[in-house]
Amino acid sequence: KEWSPLKARVETYKGLIFANWDENAVDLDTYLGEAKFYMDHMLDRTEAGTEAIPGVQKWVIPCNWKFAAEQFCSDMYHAGTTSHLSGILAGLPEDLEMADLAPPTVGKQYRASWGGHGSGFYVGDPNLMLAIMGPKVTSYWTEGPASEKAAERLGSVERGSKLMVEHMTVFATCSFLPGIDTVRTWHPRGPNEVEVWAFTVVDADAP
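In my numbering, the protein residues as written are 1217 to 1423.
Incorrect hints may have been included.
As the list claims (entries may be wrong) - Okay, derived cross-link-like pairs now, DSS-like style, lysine-lysine, Cα gap no bigger than 30 Å in a straight line:
(1) K1352 <-> K1378
(2) K1352 <-> K1282
(3) K1223 <-> K1282
(4) K1252 <-> K1282
(5) K1352 <-> K1365
(6) K1274 <-> K1365
(7) K1324 <-> K1230
(8) K1378 <-> K1365
(9) K1223 <-> K1378
(10) K1324 <-> K1223
(11) K1223 <-> K1252
(12) K1223 <-> K1274
(13) K1365 <-> K1324
(14) K1217 <-> K1252
(15) K1230 <-> K1378
Said to hold, decoys possible - Label-pair ranges, simulated between beta-carbon atoms:
(16) E1411 <-> E1359: 33 to 39 Å
(17) E1359 <-> Q1273: 45 to 51 Å
(18) A1224 <-> K1352: 37 to 43 Å
(19) V1339 <-> G1265: 32 to 38 Å
(20) I1277 <-> A1224: 20 to 26 Å
(21) R1405 <-> V1339: 34 to 40 Å
(22) A1264 <-> N1408: 39 to 45 Å
Hint data in this document are derived by calculation from the structure and do not stem from the laboratory.
Ideal Cβ placement from N, Cα and C applies to all residues, glycine included.
Using the sequences and the hints, build the whole thing.
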């Protein structure tokens, strides 16, 4: 018994499973706090909830894990200008040019009052989402029955269909990209290496 493995505290929120080794830590609901408002934009758009597409991608980055976690908290401007630009260009529909989809340049950010959670997002400009995800996914998120249902469920048109290309970290090791529909966990492999696990999560009743 003295040498047995530690027992993790396990709690869930909207389909995500969280574990904590600290038996004295606050409960998950308290820890998430006001971050739930932004998490729900991805996890609670429909009464059906979300589901994970089978499979997980894994890769290793030669950096401290905090670089990844903090980047998802705070930086969205790089996506359309530097590291992701070639990927965006490769994914553009054949009838579109990047010049036709000027990325938005003014966004908003959220910082938790404690705990380290953070998010950033654009409001009302679908161009970057259109460039990354294409017209079908963008239309699903921004117009029609799905976005109307999300607006009603989340309490506002802005949350249901205008808030887009969001990035967020629930500190310390859970990050996600609503609209792009990926959830990532950061697994430290020492001070100079992190293993990334990426899952695809979608509305359970999406067409």
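Results of checking the hints against the structure:
no., hint, verdict
1, K1352 <-> K1378, "holds (16 Å)"
2, K1352 <-> K1282, "violated (34 Å)"
3, K1223 <-> K1282, "holds (25 Å)"
4, K1252 <-> K1282, "holds (21 Å)"
5, K1352 <-> K1365, "holds (17 Å)"
6, K1274 <-> K1365, "violated (33 Å)"
7, K1324 <-> K1230, "holds (24 Å)"
8, K1378 <-> K1365, "holds (13 Å)"
9, K1223 <-> K1378, "violated (42 Å)"
10, K1324 <-> K1223, "violated (39 Å)"
11, K1223 <-> K1252, "holds (26 Å)"
12, K1223 <-> K1274, "holds (26 Å)"
13, K1365 <-> K1324, "holds (24 Å)"
14, K1217 <-> K1252, "violated (37 Å)"
15, K1230 <-> K1378, "holds (22 Å)"
16, E1411 <-> E1359: 33 to 39 Å, "holds (38 Å)"
17, E1359 <-> Q1273: 45 to 51 Å, "violated (30 Å)"
18, A1224 <-> K1352: 37 to 43 Å, "holds (39 Å)"
19, V1339 <-> G1265: 32 to 38 Å, "violated (25 Å)"
20, I1277 <-> A1224: 20 to 26 Å, "holds (25 Å)"
21, R1405 <-> V1339: 34 to 40 Å, "holds (37 Å)"
22, A1264 <-> N1408: 39 to 45 Å, "holds (42 Å)"
The structure is inconsistent with the numbered hints 2, 6, 9, 10, 14, 17 and 19, although it conforms to all the rest.
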